[in-house]
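Student: Letter by letter, the chains look like this.
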Amino acid sequence: GDSVTQMEGPVTLSEEAFLTINCTYTATGYPSLFWYVQYPGEGLQLLLKATKADDKGSNKGFEATYRKETTSFHLEKGSVQVSDSAVYFCALSDQGTGNQFYFGTGTSLTVIP
Amino acid sequence: DTGVSQDPRHKITKRGQNVTFRCDPISEHNRLYWYRQTLGQGPEFLTYFQNEAQLEKSRLLSDRFSAERPKGSFSTLEIQRTEQGDSAMYLCASSLSQSQETQYFGPGTRLLVL
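Chains Z and A, in that order, give the protein sequences.
Residue numbering for the first sequence follows this note's numbering, starting at 1 and increasing by one per position.
Residue numbering for the second sequence follows this note's numbering, starting at 1001 and increasing by one per position.
Just chain Z, with the same shape it has in the complex:
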């Protein structure tokens, strides 16, 4: 069945450091891929998405490229800020399963000044 495997945390970085959070997926069809972010005390918010192979999603300095050959959708940011401290969830949506979302377990990021 469909699933998402996400890099375990927690991750602690200094401000302006480079961030990578790994995400790989298994899907029976042609999924769309998403990164959601959950800031402390808030609900899940869409960060970025990609709907087909080789698409790159980007938002707020974050990027992720849909790699079908490696079934991956790694999240990257060149220079993190303290305000990026949050939990990041990788997810897929597969039309073949009624568009239900499959989420990874989440990666907690803390950025220290």
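Honestly, the hints are just simulated from the structure, not real lab data.
Backbone N, C-alpha and C fix where the C-beta goes; we use that ideal spot for every residue, glycine too.
Be careful, since some hints might not be right.
Claimed, not checked - Listed next, the stretches of chain Z that the computed footprint assigns to chain A, with coverage defined by at least 3 CB atoms under 8 angstroms from CB atoms of chain A:
{"hint": "1", "stretch": "31-43"}
{"hint": "2", "stretch": "53-63"}
{"hint": "3", "stretch": "99-111"}
Said to hold, decoys possible - FRET-style restraints, in silico, Cβ to Cβ:
{"hint": "4", "chain 1": "Z", "residue 1": "Phe18", "chain 2": "A", "residue 2": "Thr1020", "range": "23 to 33 angstroms"}
{"hint": "5", "chain 1": "A", "residue 1": "Asn1018", "chain 2": "Z", "residue 2": "Thr12", "range": "40 to 50 angstroms"}
{"hint": "6", "chain 1": "A", "residue 1": "His1010", "chain 2": "Z", "residue 2": "Ala17", "range": "33 to 43 angstroms"}
{"hint": "7", "chain 1": "A", "residue 1": "Pro1070", "chain 2": "Z", "residue 2": "Arg67", "range": "22 to 32 angstroms"}
{"hint": "8", "chain 1": "Z", "residue 1": "Lys68", "chain 2": "A", "residue 2": "His1010", "range": "40 to 50 angstroms"}
Please build the complex by placing chain A on the supplied structure of chain Z, with the hints as guidance.
Tutor: Chain A only, in chain Z's frame:
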């Protein structure tokens, strides 16, 4: 548009009691989803509706869980005879019906069963 709203935000109940949660989706969204999230885990899909039709419910956790969306607008999730293991955050999301459309999440209802 105020986004997806959920009520209540917090619920404390005693084991064996029934609880009901409400979700109001974004007004033009005809798909509505329910998820459960436990500590340290990602959201886990439970069920979803296309308008008033419940198109997938096999992932509901047990027959104590049920959901309705009678007029295709708001939805309710009921848990009967609650157990301590039901303690979790219950999330609602909505989307347009286009293929693989982005889901927008509400703030969740946190349930604690004593």
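Student: Are three or more residues of the stretch 31-43 of chain Z within 8 angstroms, CB to CB, of chain A?
Tutor: Holds, because 6 residues of the stretch 31-43 of chain Z bring their Cβ atoms closer than 8 angstroms to Cβ atoms of chain A.
Student: State, for the Cβ atoms of proline 1070 (chain A) and arginine 67 (chain Z), whether the hinted interval 22 to 32 angstroms holds or is violated.
Tutor: 43 angstroms, violated
Student: I want to verify a distance hint. Is the separation of the beta carbons of phenylalanine 18 (chain Z) and threonine 1020 (chain A) within 23 to 33 angstroms?
Tutor: Roughly 47 angstroms apart at Cβ, these two residues miss the hinted range, so it is violated.
Student: Range hint 40 to 50 angstroms: satisfied by the CB atoms of lysine 68 (chain Z) and histidine 1010 (chain A)?
Tutor: Once the Cβ atoms are compared, 42 angstroms apart, the range 40 to 50 angstroms for histidine 1010 (chain A) and lysine 68 (chain Z) holds.
Student: Three residues minimum, CB to CB under 8 angstroms: does the stretch 99-111 of chain Z make the cut for coverage by chain A? Let me know.
Tutor: This one holds; 8 residues, not fewer than the three required, reach chain A with a Cβ under 8 angstroms.
Student: Can you tell me whether the CB distance of asparagine 1018 (chain A) to threonine 12 (chain Z) sits inside 40 to 50 angstroms?
Tutor: Holds - the Cβ-Cβ distance for asparagine 1018 (chain A) and threonine 12 (chain Z), about 43 angstroms, lies within 40 to 50 angstroms.
Student: Go ahead and decide if the range 33 to 43 angstroms is satisfied by the Cβ distance of histidine 1010 (chain A) to alanine 17 (chain Z).
Tutor: 36 angstroms, holds
Student: Closer than 8 angstroms Cβ to Cβ for three or more residues is the test here. Does the stretch 53-63 of chain Z pass it with chain A?
Tutor: violated (count 0)
Comparing the model with each numbered hint stated earlier shows that hints 2, 4 and 7 do not hold.
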